[in-house]
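This is what each chain is made of:
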Amino acid sequence: MAKGHAGARTKLELLQGTLDLMVLQTLDTMGPQHGYGIARRIEQMSDDILTLNEGTVYAALMRLQHRRWISASWGISDANRKAKFYAITAAGKRQLAREVEAWDQLAGLVARLRGAEPR
Amino acid sequence: MWTRLRAIVSRLTFMLARRRLDEDVQLEIDAHLDALAEHYRRQGMSSGEAYIAARRQFGNPALLRQDIHEMNSIAWIEHTLQDLRHALRQLGRSPAFAGIVVVTLALGIGSTTAIFSVVEAVLLRPLPYPEADRIVRIIERPAEQTNEIGYQQSLAAVWTRDLPVLRAQAPTLSHVGVYSSATSTVVIDSGDSLHLEGSRISPAVFDMLGVRPALGRIFLAAEEAPSTEPVIVFSYSMWQQYFGGDPGVLGRSITVDGKVSTIVGVTPPEFQFPDASTLLWQPFTLDNRMMRVAPIARLADDVTIEVASSNIEVVLQQIRKTEPRTPGTTSSSAASRFEVRTIQENLVAPVRPLIVVLASAVAFVLLIACVNVTNLLLNRNAARRRELAVRVALGASPGRVVRYVLTETLLLATFGGAAGVLLALGTVSLLRTLGTSLARRDLTPGVSIPRLDEIQIDGTALVFTVAITLGVGLLVGLLPVVRYALARHLDELKGSLSHIASVHAGPSRGGRAALLVTQTALATMALVGGGLLVHSFVKLANVDPGYEPAHLLTFTVRSSSFAGSVPFSEEVAERLRVLPGVTAAGYAELLPMVRFRTGGPLAPAQPMPAGTPPPPAPLDMRTVSHGFVAAMGMRIIAGRSLRQDDQRAVLMNETLARSGFLGPQALGQQVLVAGHPDPFEVVGIVQDVRQYGLDQDPDPQVFVDARQLPPGNPSPYFAVRVDGDPTAHVASVREAVREIDSSAVLDNVATMQQVVSNSLSRPRLFAVLAAAFAIVAAFLAATGVYGVTAYAVTQRTRELAVRLALGARPSELLLMVMRQGVTWTIVGLFLGVAGSMALSRYLQGVLFGITPADPMTFALVSTIFLLVAILATLIPARRIARVDPLVAFRVSLFLLMIGPVVPAHAQMPPGGGQLPPIEVQKLRPNLFLVTGAHANTVVFVRSKDVVVIDTKGPRPWWGGAIGDEVKRFTRLPITTIINTSASGDHVAGNIALVNGKMDIVAHEYAAVDMRKMTLMFTKPAGGGLPTRTFKDRLTVGSGPDRLELYYFGPSTNRSGIFIVIPAMRVLLTGDAFGGKFLPALTRPDGGNGVEFPNTLTKALPLTRDIDTIITGHSGVAKPQDLEVHRDFMRDFLESTRQAKKAGKTAAAAAKAWKLPARYAGYEAQPARVLGAMEWIYRQLP
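First to last, the sequence lines map onto chains F and P. Residue numbering for the first sequence follows the working numbering, beginning at 1 and increasing consecutively. Residue numbering for the second sequence follows the working numbering, beginning at 10001 and increasing consecutively.
No lab work stands behind these hints: they were computed from the structure. Here the structure is a predicted model, which is why all the values come from computation and not from measurement. Backbone N, C-alpha and C define an ideal beta-carbon position, used for all residues, glycine too. Just so you know, not all the hints are guaranteed correct.
[Stated by the list, open to error] Straight-line alpha carbon distances no greater than 27 Å define the calculated DSSO-like cross-link-like pairs of lysine-lysine that follow:
id : chain 1 : residue 1 : chain 2 : residue 2
1  : P       : Lys-10997 : P       : Lys-10967
2  : F       : Lys-84    : P       : Lys-11012
3  : F       : Lys-82    : P       : Lys-11151
4  : P       : Lys-11141 : F       : Lys-82
5  : P       : Lys-11141 : P       : Lys-11154
6  : P       : Lys-11012 : P       : Lys-10967
7  : P       : Lys-10967 : P       : Lys-10944
8  : F       : Lys-84    : P       : Lys-10944
9  : P       : Lys-11118 : P       : Lys-11151
10 : P       : Lys-11118 : P       : Lys-11098
11 : P       : Lys-10922 : P       : Lys-10967
12 : P       : Lys-11154 : P       : Lys-11076
13 : P       : Lys-11012 : P       : Lys-10944
14 : F       : Lys-82    : P       : Lys-10967
15 : P       : Lys-11141 : P       : Lys-11118
16 : P       : Lys-10944 : P       : Lys-10922
17 : P       : Lys-11140 : F       : Lys-82
18 : F       : Lys-84    : P       : Lys-11031
19 : P       : Lys-11140 : P       : Lys-11118
20 : F       : Lys-84    : P       : Lys-11098
21 : F       : Lys-82    : P       : Lys-10997
22 : P       : Lys-11140 : P       : Lys-11076
[Said to hold, decoys possible] So the derived list for chain P, only partly shown, Cβ under 8 Å to chain F, looks like this:
id : residue
23 : Arg-10020
24 : Glu-10023
25 : Gln-10057
26 : Gly-10059
27 : Asp-10067
28 : Met-10071
29 : Leu-10927
30 : Pro-10973
31 : Phe-11077
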């Protein structure tokens, strides 16, 4: 994985962070969901903007579990199969709010720099 | 930052649950892929396309699993565990090497730790008193005392009445006091009398030691005066043990030594003076008794030792001048010098040189141990350089490689360190046992190591051990790595040419020789020294003391009422004589080994003729009871012993009798004894007794009856000879004495053997230490020889193999290699012997009965060491006998062409030098099954020749081995080889077995496949390839000698055939039925899981006319087993087909597949299941 230099965030880490955010947001919106469902949702929403290897969702889910922003438990999916469901935690919700705010700020700044939006 | 920290903690938690998480992830991935594939199928794709699309969309599941696995682990922990496991396994494969390294390190580290503890406890640790370096003693050094490593440090003694003088005239000493120790009798509340170690000390002593009492007070200065009320101070442990820690003891009265004393205080818990066994203190009163005491003092503030010494010198010279001369004491030379020394210095100075010598020796041992281990490791790592080069080439960072190499070394060091700690513990307890002598002041001192009980392996020592272990491990481990780093790894990969040119990875040849010779020489010297000391000790211990020490109990009696009176002693002796088990009893003023002397004038009663020598001086005059001679077992060589009714009789010893002062015949002469008016008669001559030590020549002695010459000693020594164990009689003796005086106490109880042994404790300690050191040195030298020889063998393997191939006999090569090691050893031995001869004269002072050039010791030591060295050379050299020249030679040519990435040991026959076990089973009179490693071989002995079916592999060498085996049970030539398939493990042996006249038979597909194996079969003709092939059916031979060969289609590969030997009624099934297990389908060779059952079905009719099936890999089976096998393969195929139809992936199917109960004995490895299913999946539509 990322053997980046300490301090400098590599492109890979940025990508991972973004994916984590997307997964977190999905869980917040849809409620508890399994990995396949999350992947489908992201695919639907992305409308071909983003093609990602669906397997990376699982890596993101593991990272989020490490940070205790989501929790996992086994359940039954609608296809009547055993599946692991993930749900956002309270800490996760707080983190989501923080990240979304940061995103908005960044997006606003870029827009202002472009002159597209007046102050 | 907080979340990052929590993330790390999470990772640890997740690491523990990793296996479950891995499984979960696998399930999730499978489910995801299934769902995706389903999704695409619904869109109209076919199953295959859907699967592929799903896989493409998902990404690489294996990589994902790997990534997630790594997320749940901490890299360096993983790597370290891996390295540790690997290191353990590597070490497990060479237990001899690991064992030697561990033992060597243990010896070095263990002895170092032990000596460190000794140095720390005895020399470095300050005594437990505040400012203990200001507490001093006064030392007297007579002018003639040579400055040797002397034990007899004499403390300056003054009479008690001179103490106030000393105090007044020594302003440099703020406190001056004295102390003496004795056993006191204390009567406690319950009325019991206790005999406890106590001490009389001046009040100044408590002050100078800075004692703060735990309870009450310490002595006041005034309590030194004789007229004050007796007071007593207890130790903390005594207070706890006998008074239960009751604070109310203060002020209570208690009877001590017959006088009523008041308890005034208790010392703090850890306090002890002068030793740990002192339990109570009383003031040392300066009364009119004239006693010699050795003062203890404290330096005044701001006074240095030198200033105090000059002060004291003057004062004591003055005091000495005014001292009265007492008869009998040796007059001290006027030129005595005095000085002041701290008590710690005084305590440890005599023993410091010994400890320093020991410490140096041990440091030396550690150094040699490290060098040895480095040598051994370099040898081991020489073979691994290539492996390390490959690791680096495959992407390992240098740090990782270093860590990998260091792990093994550190692991060895850890084992060595742990073993070393155990060794140190043992050494310390051994030291305690040897260094403890009887705590008796009356005997000639044995060895005494001060502060012995404080020596222990404590926390400090363990920390030290850990530090040393790490240091040694790193040092020894990094050296090879550094060497490796110096040589560029690319050179290694470049080829075995450089290898053949023998680039040594270790120290240069000259360096190794020098090291070996040095070690050997030093070890020899150590062995000689140890041998001399041991021999000397043995001689000393066997000296005839002049009496019988066995079965002898000795003691003194302390009685307040009858102190030392002769009638009392006589009565006691009488009473003891009649006790059951007692054969004789007596008493005397002094026992042998008691260090006091008594003398007296002795002169002939009649004038002697002129020219008669005068009575010898000094003369020992000893007072004994008449029964003492018998009790001691002294031997009368002329005349008789003293008798009960003797009025005036004396005995003389030989030495005195021979002195001639009574003329030629001493027996019967009259002598005047010690001022007695009437003459005494010499009634007997006794054999000399060694009175002061087994190594001291006996003095002239005369023995006088105690009734005529009462002893001056208030507590004479009793000697009681008993049957059996003397200590068993102590109780009855004590009772007998009590019957005479109820307050009497037995003191100094010991068996005579203990007393004698005590006098030997110093030479014994020397002998044991020297012997131990010598053995360690010898062991290290032997391992050095072993290491060097092992290294030589490894380096010269190819050279030796070439020599073997050229016709040398293994025994010749053995001698050649051994010669080198043994030659250096002999050189070292010579040097060592020469060195010993030169240095052993310094041992002269401590040797007894042998010269420093004692030939027996030298001869014995040399022989033993030579034998050990030869053995050490022999063990690694034996490996030469196992080198197979064919393999070594051929494979090395092979490597020349390719450029090797193969470590050296791969050139040996499989098993790393061990002969693989070939087992021959006789199935029928002329049919043999040769099993053992790889595929079965069947040997069919026909009327005129031998047919071999399958020749094992993958190394050609097997063919030779089979040929040798066949020669064992028949002389007929092998004319035919039949290969049941083209598998490497069936045909490789062809190469070594074949000669130009053999037929090699196989299926035509096998021939084609074998021709493709160009690496193995280098020449087209006569190189092991088939000479005869067939398509469906072939008969080899005729009549009872014939074999029927059949081909029914593919199974594990496409070339497998079935063979029937009708005369033997056996069927050989090859790999088609290798045994009761799921076989591997070899795809490149045409393995076919779908056709497999059909092939087997076609073979079934063959089972009609046979009794036994010989499988390809497992031995024999019953004919019906073939059908079962066919069913097994068919059911397996069916399961796979169903699974595929059900849309499962091969992996899922393999995971879900369970061995049907019908095939209970079958083995189906999961990897095989998966592989077979995957292949069948591919074959199925």
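Hinted contact Gly-10059(P) with chain F - closest CB pair below 8 Å
Holds, because the Cβ-Cβ distance from Gly-10059(P) to chain F comes to roughly 3 Å (cut-off 8 Å).
For the pair we were handed, Lys-82(F) and Lys-10997(P), check the Cα-Cα distance against 27 Å.
Not OK: Lys-82(F) and Lys-10997(P) at ~68 Å, beyond 27 Å, violated.
Can you confirm whether the C-alpha distance between Lys-82(F) and Lys-11151(P) stays at or below 27 Å?
Holds. Lys-82(F) to Lys-11151(P) sits at ~17 Å (cutoff 27 Å).
Is Lys-10922(P) within 27 Å of Lys-10967(P), Cα to Cα?
holds (15 Å)
Less than 8 Å between beta-carbons is the criterion; does Pro-10973(P) satisfy it with respect to chain F?
Where the cut-off is 8 Å and the nearest Cβ of chain F is about 64 Å from Pro-10973(P), the hint is violated.
Hint consistency between Lys-84(F) and Lys-10944(P) [alpha-carbon to alpha-carbon, up to 27 Å]:
Roughly 73 Å between the alpha carbons, so the hint for Lys-84(F) and Lys-10944(P) is violated.
Does Lys-11118(P) pair with Lys-11098(P) here, judged by a C-alpha cut-off of 27 Å?
Answer holds: Lys-11118(P) to Lys-11098(P) is near 17 Å, not above 27 Å.
Sort out whether Lys-11118(P) lies within 27 Å of Lys-11140(P), counting only the CA atoms.
violated (34 Å)
Proposed proximity, Lys-10944(P) with Lys-11012(P) (alpha carbon, max 27 Å):
Cα-Cα ~34 Å, so violated.
Quick one, are Lys-11154(P) and Lys-11076(P) close enough, alpha carbons at most 27 Å?
Holds, at roughly 16 Å.
Hinted pair, alpha-carbon criterion (27 Å max): Lys-11140(P), Lys-82(F). Please report holds or violated.
holds (21 Å)
For the pair we were handed, Lys-11012(P) and Lys-10967(P), check the Cα-Cα distance against 27 Å.
violated (32 Å)
Violated hints, in rising order: 2, 6, 8, 9, 13, 14, 15, 18, 19, 20, 21, 23, 24, 29, 30, 31; the structure is consistent with all others.
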